[in-house]
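Okay, here's what each chain looks like letter by letter:
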Amino acid sequence: MQVHIGSLTLRNPVLAASGTFGYGDECKELVDVNGLGGIVTKSLSLKPRDGNPPARIVETASGMLNSIGLANVGVDRFIAEKLPYLRTLSTAVIANIAASTVDEYCAVLSLLEAQEGIGAYEINVSCPNVKEGGLSFGTNVAMTAQITRRLRPLTKKPLILKLTPNVTNVGEFARAVEGEGADAVSLINTVVGMAVDARKKSPKLSTVTGGLSGPAIKPIALAKVYEASKAVKIPLIGIGGIMTAEDAVEFLLVGASAVQVGTANFIDPATGLTVATGMARWCEQQGVARVADLTGALEVSTEFSVLRTWL
Amino acid sequence: MQVHIGSLTLRNPVLAASGTFGYGDECKELVDVNGLGGIVTKSLSLKPRDGNPPARIVETASGMLNSIGLANVGVDRFIAEKLPYLRTLSTAVIANIAASTVDEYCAVLSLLEAQEGIGAYEINVSCPNVKEGGLSFGTNVAMTAQITRRLRPLTKKPLILKLTPNVTNVGEFARAVEGEGADAVSLINTVVGMAVDARKKSPKLSTVTGGLSGPAIKPIALAKVYEASKAVKIPLIGIGGIMTAEDAVEFLLVGASAVQVGTANFIDPATGLTVATGMARWCEQQGVARVADLTGALEVSTEFSVLRTWL
Amino acid sequence: MMILRAPVVSLRSVGPDMYVLSLHAPQIAANVLPAQFLNIKATDGSEPLLRRPFSVYRTQGENVEILFNIVGAGTRILSRLRPGDLVDILGPLGCPFSLESDFRTAVLVGGGLGVAPFPHATNALSRSSRQIRTFLGARSSPHILRDHLQNVSVATDDGSEGYHGTVVALVRNALESGSIDRPKIFGCGPEPMLRALARAAIDLGIPCEVSLESVMACGIGICQGCPVERTGGEKKYSLICNEGTVFDARTIKFS
Amino acid sequence: MMILRAPVVSLRSVGPDMYVLSLHAPQIAANVLPAQFLNIKATDGSEPLLRRPFSVYRTQGENVEILFNIVGAGTRILSRLRPGDLVDILGPLGCPFSLESDFRTAVLVGGGLGVAPFPHATNALSRSSRQIRTFLGARSSPHILRDHLQNVSVATDDGSEGYHGTVVALVRNALESGSIDRPKIFGCGPEPMLRALARAAIDLGIPCEVSLESVMACGIGICQGCPVERTGGEKKYSLICNEGTVFDARTIKFS
Ligand SMILES: Cc1cc2nc3c(=O)[nH]c(=O)nc-3n(C[C@H](O)[C@H](O)[C@H](O)COP(=O)(O)OP(=O)(O)OC[C@H]3O[C@@H](n4cnc5c(N)ncnc54)[C@H](O)[C@@H]3O)c2cc1C
Ligand SMILES: Cc1cc2nc3c(=O)[nH]c(=O)nc-3n(C[C@H](O)[C@H](O)[C@H](O)COP(=O)(O)OP(=O)(O)OC[C@H]3O[C@@H](n4cnc5c(N)ncnc54)[C@H](O)[C@@H]3O)c2cc1C
Ligand SMILES: Cc1cc2nc3c(=O)[nH]c(=O)nc-3n(C[C@H](O)[C@H](O)[C@H](O)COP(=O)(O)O)c2cc1C
Ligand SMILES: Cc1cc2nc3c(=O)[nH]c(=O)nc-3n(C[C@H](O)[C@H](O)[C@H](O)COP(=O)(O)O)c2cc1C
Ligand code: FES
Ligand code: FES
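Chains as they are written, first to last, in this note's numbering: chain C, 1 to 311; chain A, 1 to 311; chain U, 1 to 255; chain B, 1 to 255.
These are calculated hints, taken from the structure and not from any lab test. Honestly, I wouldn't trust all of these hints.
[As the list claims (entries may be wrong)] Listed next, the in silico DMTMM-like pairs over lysine to aspartate or glutamate satisfying Cα-Cα at most 20 Å (straight line): (1) A:K47 with A:E113; (2) A:K28 with A:E81; (3) A:K47 with A:D76; (4) C:K200 with A:E299; (5) A:K47 with U:D158; (6) C:K201 with A:D293; (7) A:K233 with A:E172; (8) A:K201 with C:E246; (9) C:K200 with A:E284; (10) A:K200 with C:E284; (11) C:K200 with A:E246; (12) B:K235 with B:D248; (13) C:K200 with A:D293; (14) A:K200 with C:D293; (15) C:K28 with B:E243; (16) C:K157 with C:D197; (17) B:K253 with B:E213; (18) U:K235 with U:D248; (19) C:K47 with B:E213; (20) C:K156 with C:E180; (21) A:K233 with A:E284; (22) C:K157 with C:E178; (23) C:K201 with A:E284; (24) C:K233 with C:E180; (25) A:K28 with U:E234; (26) U:K253 with U:E234; (27) U:K236 with A:D50; (28) U:K236 with U:D203; (29) B:K236 with C:D76; (30) A:K201 with C:E299; (31) U:K235 with A:E81; (32) B:K235 with C:E180.
This is chain C alone, in the form it adopts within the complex (with noise of 0.2 Å):
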């Protein structure tokens, strides 16, 4: 069940995504962590980050909106509270890094880079970047491309640059960040969407949007890993609405290395490990002989596989 991602050896292709799966010690009394492919920690900020006002959270059909606002710790109480258990876990610890200037992104993962016991660093460019006005880094694909040149240098360990789904061509953002050196690409993060109260006439969420997580959005995440596969050699993280191994299958065929189980750990913590041995029950029933087969497996007819065609 081993797969790789840059220098990294995962043991199984499965992590919990970034903000879903808190700092790791949360559900130890629920979970087996160490029975997980890997962890990625919440986003990490230079300063700790209180988070936006409530309502951060609204259902919608087989999905959810958050706007959570980056709460979290920051890299100093991380490094002093939350790494030395992560530390004790035999599974990879993947540091999530968001910030609001590219040299908070340099200065949180210099810092990280001074500790033992991260495996790897990803890149949360979801983020509002403040000198353009808080305009998105991942929505600039400049942006993106300089984000990762600066970060290069500063570390050996495998550099993920977890992409955003709202851009018109997530291809082009794949192929600037392997161009700059980084070693894998993860995607997609929450997909830009809305909810109104008809009756109160406002938005539900504080922030009026908010990031679409979930089932819902599992066909626009397989469509941009396949678009990304399609652009770039480097491996590829899958990730949006898993919920069952054969979810986490679909991802891999269209291209993915490994995975990400998100908004599906609220559900059930343990849903990255019952993923994980539904890989394996099912690799072994398909006669699949290593899952890192699957990566790029999908069939596809040389007839349709063009991207656009008529709908």
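Go by the hints and put chains A, U and B with the ligands onto chain C.
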């Protein structure tokens, strides 16, 4: 319940969306078609189109993917066989036009312009641009503007540009077509998505990717309409996952003047009627004098009125 | 064609994961023709979103029955219905079998759940003076459903009942023996079976109608989601839901 | 804290659209503390997607009970459960009421369905030597649920039973009369009520704990989706699901 889209008056704000209500005659046994605010026809192309091979449809969580391939009778047979029935209706008929070159858009519109009984045109720009290797017109601002510029002189009737959500910044597209004289913008068309048959290791749709519609995309559609409403002054028509009167009211609150019901027609072709009567009842109960008063009436506290924030 | 909410009369288990659901729907029971289908909404909510198509299995007075097996979420919900629950149905839909054409023996061929339209067809045929021969194929004996049929011959994949092999091989043998008087074949079942059946019918020069399946979004011709490729005609595709589900087997280009 | 599938023991209607659901969950029944809650998954599927939080109403031997009313899709599904059905529960969750602190009379104040945690709290309190006074508010008489409570006073919005007005006004009157010996208030109900209750407690210098609600995605502190604004502390927000649901009323910045 009247609303206005350019010079066109709709008796109520609820239209049947293109491709989800045929040419209006298929459902007459089940629905009093004149109870709708209007009907948007299936996209009409210059020549008849057979459509894509099966499978054309896949169900997803609270949504569906389609890859119909714009199967339609073509503009000539539409005029000969479908328009006579549509002319007998007292509700508005909006002809939706699809094409793979700008000239073809013009040709179809000119043929229709010579006919009686069409109240407005809706231009489907989510079509592969053959001159650009099949890339969708609607993901390129300049192309979308050019189509509008070329069509505008050909008709005095309301020209509605139907935008695709598969772009980074839909406001930019709305602004561009407003600048070229479009009378209204309708959005959203379907979201690019994909489904995989894990056992068969193949895409579930013959065209690999397709268009996602239904309740799953409502949050995305609301955010896009809200974004467009901040960009332009022309009327907006909201589309995406509308099943109930409350859903429709939500679209009006974020800025739409009218709505279209799509996928819901497959479950019950009378959905448009129940939405329209439900909206009337809703307005009465909530003390809203005219349904048009709901347009843009969302109360957003200034503190969080920015579209882009930390999630 | 209408939409109505029909109360459940009964739900009975008739085999492994197989159920017959009886609904009180007099307007439909009075009119539905053999091989027509109903499009059923299993929930009030958006999951599953679309209706689910089912052939009419039988009519019993004012009730219509469907036969189904548990495949996924929609049929699981149906399997939990209780008498009195309301079920949202759209129907009757599709074109029926042509039982009026020129033949003496109706050869009904059902594979698996493809048996579903034949009890209703048998009932219609038994009001005429025609013969009926019924051929059923299934994985194994418990999956064979002989109720409300006539002159049934059986084929099973595992040989646990009747002929050990495919139902099409069994039908072919019977037809080749020449013992069936002026036959016309009516087939329903999985596509590979119908393809083989069409092949046999063409080989033997016997008229054959097949009822096809497809994923359907609407069931009434508005979504264009259910194409089948035709041979010869001006149009490449026909819609299974309203130009079918029944087609002359010779006109279908099986995949 | 654990996840388990508990069989339904019974579902009884206890008022207009109000139900008590009893589940066989010995591991939870043995440990759950007053004002803790369970996070319940109403379906196998993705609609509704998230769990639904419910206070523990009572424990009865190896069974735990919740009290709920029908609000939307999730509670509608719960209202259709039948004995033997399995329900997926995560719990017990949240911090309980501090029933051990220094007071003589527990003043339990419930608004609407906010009565839910008090039968279990009453049971715990009745094992100590403390007094209990219970104040319930509701729209009108049929919505008042007095079962398994002690010394109940009632307020209704429409005056159909007890005091005509808000339950907070009723409690304030009782507390101001001075007849309650060393009181501590425990409140649960809609936010406006809790805000008024907190105000009253502060005015009268009486200790007060409130159990808060919020939309919750996880219920266990991993989604950060359930903040409440605090006064004074270093952090602006606390999480209702695991730093609460019970808070000292003085520390909450009501909206
Ligand atoms: C005209 C027609 C008549 C039918 N008659 C019967 C019948 O009498 N008895 C019976 O048991 N089944 C019948 N089927 C198949 C039945 O519709 C499917 O088994 C059912 O839709 C499965 O739904 P589900 O939610 O349980 O499964 P899911 O696996 O959740 O379904 C997922 C999707 O696949 C579609 N789907 C799955 N299987 C089929 C299939 N075989 N054909 C078409 N779409 C499918 C569903 O509609 C849905 O969109 C018929 C199908 C058609 C088109
Ligand atoms: C700690 C806690 C304890 C609770 N205890 C009880 C109880 O004992 N009895 C009871 O009847 N109800 C209780 N509630 C409220 C209960 O969770 C909601 O009524 C229920 O989630 C509604 O779900 P639905 O699917 O029926 O409604 P929907 O309207 O479909 O719910 C839509 C969304 O809103 C959320 N929601 C709706 N109402 C509330 C609410 N009042 N509080 C929080 N989220 C809400 C749902 O979780 C869901 O995400 C409690 C809530 C919390 C947070
Ligand atoms: C409540 C919530 C919080 C999240 N927080 C973060 C975060 O801090 N950093 C990040 O990169 N992604 C974050 N995400 C995005 C997820 O990691 C994931 O990319 C997304 O939810 C899609 O996957 P899913 O559908 O499986 O949830 C968050 C998602 C949710 C629902
Ligand atoms: C089966 C199907 C066919 C469609 N055909 C067209 C079309 O021909 N032209 C067009 O502009 N939009 C077409 N659409 C898009 C719808 O008009 C609508 O924009 C979209 O489905 C979102 O709305 P909904 O979620 O209510 O379905 C089609 C949608 C579906 C589901
Ligand atoms: S199912 Fe919609 S056209 Fe056939
Ligand atoms: S509900 Fe997830 S943190 Fe409280």
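Enumerated hints in conflict with the structure, sorted upward | Numbers 5, 16, 19, 21, 25, 28 and 32, in rising order.
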